[in-house]
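A.B. asks: Sequence:
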Amino acid sequence: MRLSRQEAMPGASKTSNGPDEERTLCIDGLENSQVLNMAVAALIGALLGVIISFTVNCTLVEISVNAFFAVYFGVLFVIISSWMLYRVYSGEHPRPILLGTFSAMVMFSGILCFVLESNWVVNMSRGAKVPLYSILGIAVTFALLFSIIDLVNYCYGSFGATPGKALVETEEQVLLIVATATVLGFLFGLVFGLLDVEDQPYNKLREALVQQEHICYPIGAIVSAVASAFNQYLREKNSQEYHYESVRKDDVLDDEDF
1 MRLSRQEAMP
11 GASKTSNGPD
21 EERTLCIDGL
31 ENSQVLNMAV
41 AALIGALLGV
51 IISFTVNCTL
61 VEISVNAFFA
71 VYFGVLFVII
81 SSWMLYRVYS
91 GEHPRPILLG
101 TFSAMVMFSG
111 ILCFVLESNW
121 VVNMSRGAKV
131 PLYSILGIAV
141 TFALLFSIID
151 LVNYCYGSFG
161 ATPGKALVET
171 EEQVLLIVAT
181 ATVLGFLFGL
191 VFGLLDVEDQ
201 PYNKLREALV
211 QQEHICYPIG
221 AIVSAVASAF
231 NQYLREKNSQ
241 EYHYESVRKD
251 DVLDDEDF
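In our numbering, the protein residues as written are 1 to 258.
Hint data in this document are derived by calculation from the structure and do not stem from the laboratory.
Incorrect hints may have been included.
Each pair of labels, with its calculated beta carbon distance range [to be verified]:
hint : residue 1 : residue 2 : range
1    : N123      : L47       : 38 to 44 Å
2    : I148      : V71       : 20 to 26 Å
3    : P218      : E62       : 43 to 49 Å
4    : L194      : Y89       : 34 to 40 Å
5    : V75       : R95       : 38 to 44 Å
6    : V210      : I148      : 24 to 30 Å
A virtual CB, placed ideally from N, CA and C, is assigned to each residue, including glycine.
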């Protein structure tokens, strides 16, 4: 079977003349398989959002109530941010300045973990602590998303039988991930600070955490589902500008025609 290369024209679709040939949709349209892929991506994103919500909430609690874990996560954030900065500026990531800025925010959050037990932080009002926990929430969420996406992209490139399209690789997708991490992290930190979870007595801490999770789980699931579906749409949109289809017999030129 011979193949012919045809360029897909934006905003137009093409229907083949042969009875056994399927309709080729335009690149701006969505096939049934693409809608299914977006639905699957939304489900996976919702599950990932719940996991991220649980992880961020538990991290904020441990940093707030346990001095050992505050130092532990502080060191961990500094190490992760250093690795992220190395990955950003040693690779070919779109928008390296933006990613580097958020990586620096993770490092700042690591330094912030060392001072959360200081008197000037402990004596701050609940409203004054909200911005601090919002920054911590954004940093933790961004570090998790960056690590997960970088790991998935690495697995695609290293262990895939055939080269696949990376999970995130275009500038639009990078902006989407940064926006998602910012929204989720800010909301998680905002809820954590407003509910005053860190100042609850030890015997009521679990109850306060469960109350926070009941608020944050739907937020994480909805925002992550929408972001994952839109990211899949961007992958489909930017996947390939050219498509191939079978050439009919009357399109093949014989040597006698020359």
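A.B. asks: Now, for every hint given, state plainly whether the structure supports it.
C.D. replies: The hints, checked one at a time:
no., hint, in the structure
1, N123 - L47: 38 to 44 Å, "holds (40 Å)"
2, I148 - V71: 20 to 26 Å, "holds (25 Å)"
3, P218 - E62: 43 to 49 Å, "violated (23 Å)"
4, L194 - Y89: 34 to 40 Å, "holds (37 Å)"
5, V75 - R95: 38 to 44 Å, "violated (28 Å)"
6, V210 - I148: 24 to 30 Å, "holds (25 Å)"
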